[in-house]
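The chain contents come next:
There are 2 protein chains.
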Amino acid sequence: MELSDFFPIWNQLTPAHRAMLTDGVFRRAVPKGTVLHNGSMDCTGLLLVQHGQLRAYILSEEGREITLYRLLEGDICLFSASCMMRSIQFEVMIAAERDTELWIIPTDSYKTVMEHSAVLSNFTNEVMAARFSEVMWLLEQILWKRFDQRLAGFLLEESALEGTDVLKITHEAIGSHLGNPREVVTRMLRYFQSEGLVKLSRATVEITDRETLRRQYAI
Amino acid sequence: MELSDFFPIWNQLTPAHRAMLTDGVFRRAVPKGTVLHNGSMDCTGLLLVQHGQLRAYILSEEGREITLYRLLEGDICLFSASCMMRSIQFEVMIAAERDTELWIIPTDSYKTVMEHSAVLSNFTNEVMAARFSEVMWLLEQILWKRFDQRLAGFLLEESALEGTDVLKITHEAIGSHLGNPREVVTRMLRYFQSEGLVKLSRATVEITDRETLRRQYAI
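Keeping their order, the protein sequence lines are chains A and B. Numbering-wise, our numbering puts 71 at position 71 of the first sequence, and it's gapless, one number per residue. Numbering-wise, our numbering puts 175 at position 175 of the second sequence, and it's gapless, one number per residue.
With the rest of the complex left out, here is chain A:
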């Protein structure tokens, strides 16, 4: 992917602004598991995902986690450059969920262009609004959905992302995505297994009845 592929508004930028973004950009390849950004003290820059998959999540003081959203190929990570907006008063962590290749635009170059370009600033607004929408979706899930529904939804989403029914994932890791303790996950997965929806083995959850899981989720 070219830099311009990440910005649908690329052709509306002035040549000088395009040059400023292009000149500062650098590439980085990180193995699965790398923590790329650690809260607002970091000013990592804008991450553009060329290949792979990132996870944005938050951490409690006690070390519990919950996934806010995923960033896939072609996505832009804004919160790794959150230091450029003083009104962002929360701490997001960003980690690679697969081996990932990125382009990074340093915060300073991006901020300078954004301050002068209404086009880039409006585009940035749209990116932030899209992330905001994902967090609102999550908030609604947590508030109004039961845990069995959220777990069913997570297994289906994970299966779509991985392109397989056999998910290599621990109960602990599922808990970190959903913001719940491991025991709660294990109990519900065992219930799902007793209903014939999944088959459990060591660090593996196999989906055996996709249709019922889907109904479960949508209830």
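By construction, these hints were calculated from the structure, which means they are not laboratory data. Predicted model only: the values in this text are computed from it and were never measured. Among the hints, a few may not be true.
The list makes no distinction among identical chains, and a pair is therefore deemed to hold if it is satisfied within one copy or across any two copies.
[Unchecked claim] Straight-line C-alpha distance at most 16 Å; calculated EDC-like pairs for lysine to aspartate or glutamate:
| # | residue 1 | residue 2 |
| --- | --- | --- |
| 1 | K111 | D209 |
| 2 | K199 | D165 |
| 3 | K145 | E65 |
| 4 | K145 | D75 |
| 5 | K145 | E61 |
| 6 | K145 | E62 |
| 7 | K32 | E62 |
| 8 | K199 | E134 |
| 9 | K32 | E162 |
| 10 | K32 | E91 |
| 11 | K32 | E101 |
| 12 | K32 | D99 |
| 13 | K168 | E157 |
Add chain B to chain A, keeping to what the hints say.
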């Protein structure tokens, strides 16, 4: 308050852009309880709070509510103009919590200026980031705080907003702020009463031990 008081960047706008915002603006006074904005199908415009207090909240399909944040004098409500950004994919309700006087900037005028003015667009980014931060704070409260802590925090905040220890509020209304059923609120308030933290009477919660409530909240 003048229109310029709502926009710290007013003097950086061009005279033409200032005129466009000023020409479109109109005043509205609404009594307590008025629903000013009802999800993304409405395109109410930007609400500027001159006097009074607004509440932004979401509704579940079953009619449960939770307060996202309050807007006080001098605050700008962006989501009442959410139709101007296509990436905003969630439904926020806005209602007056007190008799409120507003200025309303029609979405079209605001959007036109924002598309041409990097200054206004960057300012709008900051407003959205501030609301995003409030929602992230709420998400963290829901995920990591126990209900007794959230209730203690709510009573203290309400008391600060109203300037009194005697809160005229039903258990039902507290539930709508916190996203919990009335019975859960009643049970916890009775527990607080048994601990001497509050005194309950018809549609009234009186704070009797502010210090312990504060400790309770911060646990």
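Quick rundown of the hints versus the structure:
For the identical chains of this complex, K111 and D209 are neighbours neither inside a copy (49 Å) nor across copies (48 Å), given an alpha-carbon limit of 16 Å. When the C-alpha separation of K199 and D165 is checked against a cutoff of 16 Å, the pair qualifies only within one copy, where the shortest distance is 10 Å, while the shortest distance between copies is 55 Å. Taking the shortest alpha-carbon separations for K145 and E65, only the inter-copy value of 14 Å comes in at or below 16 Å, while the best intra-copy value is 19 Å. In this homomeric assembly, K145 and D75 never come within 16 Å of each other (Cα to Cα): the closest approach is 27 Å inside a single copy and 32 Å across copies.
When the C-alpha separation of K145 and E61 is checked against a cutoff of 16 Å, the pair qualifies only between copies, where the shortest distance is 11 Å, while the shortest distance within a copy is 25 Å. In this assembly of identical chains, the alpha carbons of K145 and E62 lie at most 16 Å apart only when taken from different copies (11 Å versus 24 Å within one copy). Taking the shortest Cα distances, K32 and E62 never come within 16 Å of each other, neither inside one copy (24 Å) nor across copies (41 Å). Neither within a single protomer nor between protomers do K199 and E134 lie at most 16 Å apart by alpha-carbon distance, with minima of 30 Å and 40 Å respectively.
For the homomeric pair K32 and E162, the shortest alpha-carbon distance inside one copy (14 Å) is at most 16 Å, but the shortest distance between copies (51 Å) is not. In this assembly of identical chains, K32 and E91 lie within 16 Å of each other by CA distance neither inside one copy nor across copies; the values are 21 Å within and 35 Å between. Only within a single protomer do K32 and E101 lie at most 16 Å apart by alpha-carbon distance; the minimum there is 10 Å, versus 53 Å between protomers. For the homomeric pair K32 and D99, the shortest alpha-carbon distance inside one copy (4 Å) is at most 16 Å, but the shortest distance between copies (54 Å) is not.
In this assembly of identical chains, the alpha carbons of K168 and E157 lie at most 16 Å apart only when taken from the same copy (14 Å versus 45 Å across copies).
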